[in-house]
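Generate coordinates for the entire structure from the input sequences, incorporating the hints supplied.
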Amino acid sequence: MERHIFNALKFIFMSKILVTGGTGLVGSHLLYFLTKQGLCPIAIKRKNSDIKNVKKIFSYYTDDYEALFQKIIWKDCDILDVVYLEEIVKNVTHIYHAAAIISFNNADKDKMIEINSIGTANIVDLSLKHKIKRLCFVSSIATLGSSHEKAVDESCIWDWSNQSGYAISKYLAEMEVWRGFAEGLSGVIVNPSLILGAGSWASGIGTIIQKASLGMPFYPPGSCGVIDVRDLAQIMIQLLNSDISNERFIINSDHIEYKDLMSIVAKKLNKKVPHIKLSKIFMKMLIGLDVLINKIRGKRIELSTDAVKYTTANILLDSNKINSMIEFKYRKMEESIIKCVELYKTRNHEF
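To convert, count from 1 in the sequence shown and add 562; that's my numbering.
Everything labelled a hint here was simulated from the structure, so no lab data went into it. Glycine included, each C-beta is placed from N, C-alpha and C at the ideal position. Wrong hints could be hidden among the right ones.
[Said to hold, decoys possible] The following label-pair restraints were derived from C-beta to C-beta distances:
#: 1; residue 1: Lys842; residue 2: Glu628; range: 43 to 53 Å
#: 2; residue 1: Lys598; residue 2: Val645; range: 44 to 54 Å
#: 3; residue 1: Lys598; residue 2: Lys894; range: 15 to 25 Å
Here it is in structure tokens:
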């Protein structure tokens, strides 16, 4: 009985912040830093999502993780369910919108557009209707245009040609947020590079660590920008608490070749470093083989031309805009990578 009363009081007096995608890598780290500030955020999750992983992520950073985790008010809600979503949004003042589907498999294109674009439109519409004070939307560097003469910055113009389903879905989502800004909504958009963070081992850096743990001898020829998820979350909080409005920012701390990234991981796992460079042609041949084998077996196709595109590209990112508008000291890239590997080795099987 006392616990129910406490939760009711939390909702009334302390829960004015909403985090969508609360069980994801970015969402869970946002929740950690928000609860660490003494706040009691509301977190949206899908009905069947497991919140134990969020508690595990909290435990990476503090012994007081149980107390912090209890500050979160969880709500089962599909962001496509406008009626129930409105019941949540109308009671908050600030929203961190991190919910998204991330996939480079074209079979997921329609689902990504539905969740990433239409779901974001729902968030924007309800934010306008209920006069939400501030919105921070997690977009992607995939929504940025390319530049052949200089590093990519926020001014690069989007090109519809040869875009992945994921990039299209996030671009459409970002356009919904810009529409919201034009209609009076106050907020910011962040475009993070490859996110380095522990806890989500099935994608991003987690996939690289898992492959390195198998002693994978191959590496793709490309390179990428990187950002520690803790830096990203703290920058998002700093931005939403500022007067900066209706802007988007590339969030990127450093740049690294995939070979070097995979080598750091392999060494930390006491595995051989990758030494065989995969050509783009060979990678496309692997995709054809993967398609053939999985069609015969009736299983999901895992490799894609979009994955080849991203891992063979060498895109430099210019993050001078965010660095000129806020003061922030980024964590060192190699330390962030090693932190992920150490947690994978020692804490991956807990909870």
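Hint by hint, which ones does this structure get wrong, listed from lowest number up? Number 2 only.
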